[in-house]
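Spelled out from the first residue to the last, the chains are:
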Amino acid sequence: MLAFIGNRALLAIPTLIFISFISFVIIQLPPGDYVTAYAAQLRHAGEYISPLQEEMMRDQFGLNDPMIVQYWRWISDIVLRGDFGYSLEWNAPVSTLIWDRLMLTLAISSASLVLTWAIAIPVGVYSASRQYSFLDHLFTVFGFLGKGIPDFLLALILMWLAFAYLNMDVGGLFSPEFQNAPWSLAKLGNLLSHLWIPLVVLATGGAAGLIRVMRANMLDELGKPYVETAYAQGLSEARVVWTYPVRVALNPFISTVGWALPALFSGDVITAVVLNLPTTGPLLLQALKMQDMYLAGSFILILSVFTVVGTLISDILLAWFDPRIRNA
Amino acid sequence: MGSKTMKTFDMPQERLLDVDNVQVHFPLREGLVKAVDGVSYHVNKGEVLGIVGESGSGKSITARSIMRLLPKRAVDAGGQVRMQLRSGEQFDLSSFGRNSRAIRQVRGKHIGMIFQEPMTALSPVHTIGAQIMRTVQLHMGLSRAAARERAIDLLAKVQMPRPEQLVDAFPHQLSGGMRQRAMIALAISCDPALLIADEPTTALDVTTEAQILELLKRLQSELGMAIIFITHNFGVVADIADRVSVMYLGRIVETATVDDIFYAPKHPYTQALLRSIPRLGVDQGRRLPTIPGMVPDPFSVPPGCTFNPRCSHALSGLCDTQTPPEKRFGSQMSRCHIAEQFAQEPVHA
Ligand SMILES: Nc1ncnc2c1ncn2[C@@H]1O[C@H](COP(=O)(O)OP(=O)(O)O)[C@@H](O)[C@H]1O
Ligand code: SF4
Ligand SMILES: [Mg+2]
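Going line by line, the protein sequences match chains U and Y.
Residue numbers for the first sequence follow the working numbering, beginning at 10 and rising by one.
Residue numbers for the second sequence follow the working numbering, beginning at -4 and rising by one.
Partial list, computed: chain Y residues near chain U (C-beta under 10 angstroms): (1) 64; (2) 98; (3) 102; (4) 106; (5) 107; (6) 111; (7) 118; (8) 130; (9) 168; (10) 182; (11) 184; (12) 191.
Straight-line Cα separation of at most 27 angstroms, DSS-like style, residue types lysine-lysine; simulated pairs: (13) U:233 - Y:67; (14) Y:40 - Y:322; (15) Y:104 - Y:67; (16) Y:29 - U:233; (17) Y:104 - Y:40; (18) Y:104 - U:233; (19) Y:152 - Y:104; (20) Y:104 - Y:212; (21) Y:29 - Y:322.
It is worth saying that the hints were derived from the structure and are not from the lab.
It should be emphasised that the depicted structure is a prediction, and the values quoted were computed from it without experimental measurement.
In this text, a Cβ means the ideal position worked out from N, Cα and C, and glycines have one as well.
Work out the full structure, taking the sequences as your base and the hints as a guide.
Have a look at this one:
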């Protein structure tokens, strides 16, 4: 088991180096650079900077150096000093820009993952063991609705409901008075009262699909001979179902843990924008638009680290859960 | 638990299990399938009853109705299954619900079951030890440590090599024969009075099959348990059974001691099955006779004797209109209109 983990972890390192280099290069692929984008923005606002000034800025930011030199400067600072560089646009260290958002993103995605599973697993198991029952049909309808309605629409509907009927202020994660307040119990309470909408939105979208997956997996497993063997031992239905087929049916689930981590970073940007969440998605979008390469590069790097680490975690969980993989 | 120690029905002292006129139907879109159409047999304490019949004749479904483990779509259409232990305890199994506490205290404890597919009949994500321990902890109230000890003992008893290590093995790490040994250890883990073995060797190669049969015979005499041994292979039955019931299309057509079945069969279907067994020396290089015709599809079972379209003795006007009654010749039973005719002539020399 330890050898297995070590093996997978070692494999992850070259993957990460490769991804970091490629992402750095891709960010700079579009014509122009941050200074071009910055000048265009200024012109748009009716101001003007001379080509000479542009050149000076480029020199100052080191944008004229060869790509490989820029990459090395960036990545060595990260690895050796934990310094993610400076956001040109925000004129602030990348780490201060990202850190809070990163933590919130992590919190929201793990909470929504837990909620998704807490809904999807019992419902899927119930639906399969009571196939074609009234509740099974009801859950099926819910599942298709949940999958059919886009997340951002659901977010808008919930926001409107909460605002119009519950008289809550919605959008963002804090009420204005707490926005810049130091952490306190009141601030935490305020966070929780805002958090439920994004959680419900993310969890229903995810759960709707996973219920179908869990139900199908369970139906497969329930028909297998080892389930009959378990019944023939005199175990109760609940014990048979939860100790045997559920264990096997969960395996495909576990392999998706890895994707859940980076999902909110990227896939759920629209929901985050609609809900005005200070997560990482909207910031990344902006950084890419401005070719703010250190910020964008760091983002993508962290995103990749999460993906790789997430995949690593699900591999390990899967091996721990399923002996057939561990011994393969 | 109301039936504990209570004597609720009369049964001969030596009787362990009585299966009486059991009927199981499958209402399918294409029509009603009477998969088990009035099956009766009995098993005495410590005896091996072989059940033989072509695939689809209802052997497994009958066995599952004893355990109350019928498929979801099956309809229990009548009949009675009763069991009587050495202690005098009696159970009216057919009155128990599928998930009732009463039947759960019989399953695994008084009746063990072995299935055909050793590859898939054990949970792939639990060690064989964990699966055995769960059963003995459930029925014998053992501690974890004691249950593990017992699991190792059981594995030794079924001649699993290195039981102390293989108790922690997962099914996929074992060969088919070893898995079937683990399955047997699980089935006998609580010293059941009855073991139902549903084609336990069908999926195995000939050498392994012989070893497993040998093991079952040894365990049977060691533990004094009775066995219902289901197979479609007459050769296997000769090896292990005391008595044999032959099934065709959801009914028992003949029951007799193993000697009578082989040397004085009184039903044309039994005779036809026997003729299709290859015999060493005699049949080398000769094509074996097969039973003419096909097993009718379950939606259009022939009227009268269900075997009549394939029977070379069939009498038109009788066999295709009237269901033959059970005819008894001492302990032998045959459901054939002309069973008396076979009373003397030995068919299978
Ligand atoms: N799950 C099921 N659904 C529908 N019909 C079934 C099912 N299981 C068994 N049957 C019917 O019952 C008949 C007897 O099955 P079974 O007892 O498994 O036969 P055997 O064990 O003798 O090969 C089959 O031919 C089939 O028509
Ligand atoms: S009853 Fe008639 S058809 Fe049936 S087995 Fe006997 S002889 Fe053949
Ligand atoms: Mg069968």
